[in-house]
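**Q** Protein chains in written order, with our numbering: chain A, 520 to 777; chain B, 520 to 777.
Any given hint could be a false lead.
Unchecked claim - 20 Å max Cα-Cα, derived EDC-like pairs, lysine to aspartate or glutamate:
no. : chain 1 : residue 1 : chain 2 : residue 2
1   : A       : K762      : B       : D728
2   : B       : K606      : B       : E546
3   : A       : K769      : A       : E714
4   : A       : K769      : B       : E546
Hints in this document: simulated from the structure, not taken from any laboratory.
Number of protein chains: 2
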Amino acid sequence: MKRILLFLSVMGLVANSQAEIKSKAVEYKQGETILEGLSVQDDAIRGKRPAVLVVHQWKGLGEYEKKRAEMLARMGYNVIAADIYGKGIRPDNPKDAAFEAAKYKDNRALLRARVAAGLEVLRKHDLTDPKRVAAIGYCFGGTTVLELARSGAEISGVVSFHGGLSTPTPADAKNIKCKVLACHGADDPFVPPKEVAAFEEEMRQGGADWQLISYGGAVHAFTDSNAGNDNSKGAAYNEKADKRSWEAMKQLFSELFK
Amino acid sequence: MKRILLFLSVMGLVANSQAEIKSKAVEYKQGETILEGLSVQDDAIRGKRPAVLVVHQWKGLGEYEKKRAEMLARMGYNVIAADIYGKGIRPDNPKDAAFEAAKYKDNRALLRARVAAGLEVLRKHDLTDPKRVAAIGYCFGGTTVLELARSGAEISGVVSFHGGLSTPTPADAKNIKCKVLACHGADDPFVPPKEVAAFEEEMRQGGADWQLISYGGAVHAFTDSNAGNDNSKGAAYNEKADKRSWEAMKQLFSELFK
Chain A
520 MKRILLFLSV MGLVANSQAE IKSKAVEYKQ GETILEGLSV QDDAIRGKRP
570 AVLVVHQWKG LGEYEKKRAE MLARMGYNVI AADIYGKGIR PDNPKDAAFE
620 AAKYKDNRAL LRARVAAGLE VLRKHDLTDP KRVAAIGYCF GGTTVLELAR
670 SGAEISGVVS FHGGLSTPTP ADAKNIKCKV LACHGADDPF VPPKEVAAFE
720 EEMRQGGADW QLISYGGAVH AFTDSNAGND NSKGAAYNEK ADKRSWEAMK
770 QLFSELFK
Chain B
520 MKRILLFLSV MGLVANSQAE IKSKAVEYKQ GETILEGLSV QDDAIRGKRP
570 AVLVVHQWKG LGEYEKKRAE MLARMGYNVI AADIYGKGIR PDNPKDAAFE
620 AAKYKDNRAL LRARVAAGLE VLRKHDLTDP KRVAAIGYCF GGTTVLELAR
670 SGAEISGVVS FHGGLSTPTP ADAKNIKCKV LACHGADDPF VPPKEVAAFE
720 EEMRQGGADW QLISYGGAVH AFTDSNAGND NSKGAAYNEK ADKRSWEAMK
770 QLFSELFK
């Protein structure tokens, strides 16, 4: 038995040393706007596979989203990190980030068009099994993937991590065809209880297949280790909630892609 | 490689055929009251192991709880299904069940004493690793394990499935030493939004390590396949929420017992 375990372990090591996460920029368009996303895969895996779209926080596609995309690629998914803002538009301070995010929060039709463009790139990618596609998003990206669901996108599921839950068109929840998981910091001052209650009512009225997890002690940005650890600022990293929400996403994916 | 997989698969089959779930009644006392629980283990596993206390629904310890205890035993846990009501007290209709449950809901000190007596049996059991103990409960049992947490019990975690979340002594949440997971049917008319909000505030004020999952489309008793499938009755089985909440419990256990 020991020899077999040793053998399997060596096989595992070989597989690991072969695994190489490849990422490269991909340009695509929505209307006349040039967008620059990131395409990430594990080179050691061959053939079509389930695929995940990753949507960025309010500062636009950056290192944080790249890290998440790589984590997903390592799990065997074909990943595109989408760009909602446009090539080169990467606000580096909260004021500019809020300004940029507001453009799309205030124009949901544009937001839907932008995320749909990224989804199209993912769906048509050589390595994507187009019947097994999900989307996840963080903060602004959480709002975005919920909007994608409300648009009636033909995907398997969406996961929002500390995303804003409000919508100007709650009746659109009736269009939702995919499973919805919202991972929410119970102390998030930017997504207050009233907004959570409205979201739950929206999902209920729309007849969606939805779940919402409230993580005690977690505020906004709880998955982002760059957010510091001072809850009183309203945004802070929370390791427990980060790990738990990632596991919850994996659990949903195992249901979607079984 | 094929031969190795075949070999491992045969080993697995051997292990399965050896596994035998043993259950037997255990009498114990709380004060002068005789209680009759159920002790359940997988005979194929040797030695001490993590342990789980299972607390029953409003009709008392029965087939439903036995099934859950067996599922846990198969996963490798040492299990006691507790008896809160007393030996032979197994109300078989809603009126009597409500009457019996109310005795304890209205006397939380007695409820805590009863569940503590069961926990003691589990903790002192030969096969229990006393540092790795959790408690789960359904409906009335969910309320009970939350009360166990509020009593300051030295266990690793509690999971409530469609349990009532209210308490007459919210300040006791400061005593909580274990992780708390509440699995809640978002449409449960017996645990309305106001009660959920009060629970979240209680946990927050008490500084507990807590999570609450709301399952869309699920009402009371969503894990119980005997509850029918008519949501309009307020209690009904929901297969998705049943499976998802079981997975959420397993995820918490893997965190507790790693």
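**Q** Now look at each hint and say whether the structure bears it out.
**A** Structure-based check of each hint:
Only pairs whose Cα atoms come within 20 Å are accepted, and K762 (chain A) paired with D728 (chain B) is accepted, the gap being roughly 14 Å. Between K606 (chain B) and E546 (chain B) the CA atoms are separated by roughly 8 Å; this keeps the pair inside 20 Å, and the hint holds. As the CA atoms of K769 (chain A) and E714 (chain A) are separated by approximately 26 Å, the hinted pair breaks the 20 Å bound. Annotation: proposed proximity of K769 (chain A) to E546 (chain B) is violated, straight-line Cα distance about 42 Å (limit 20 Å).
Checked against the numbered hints listed earlier, the structure breaks hints 3 and 4; every other hint is satisfied.
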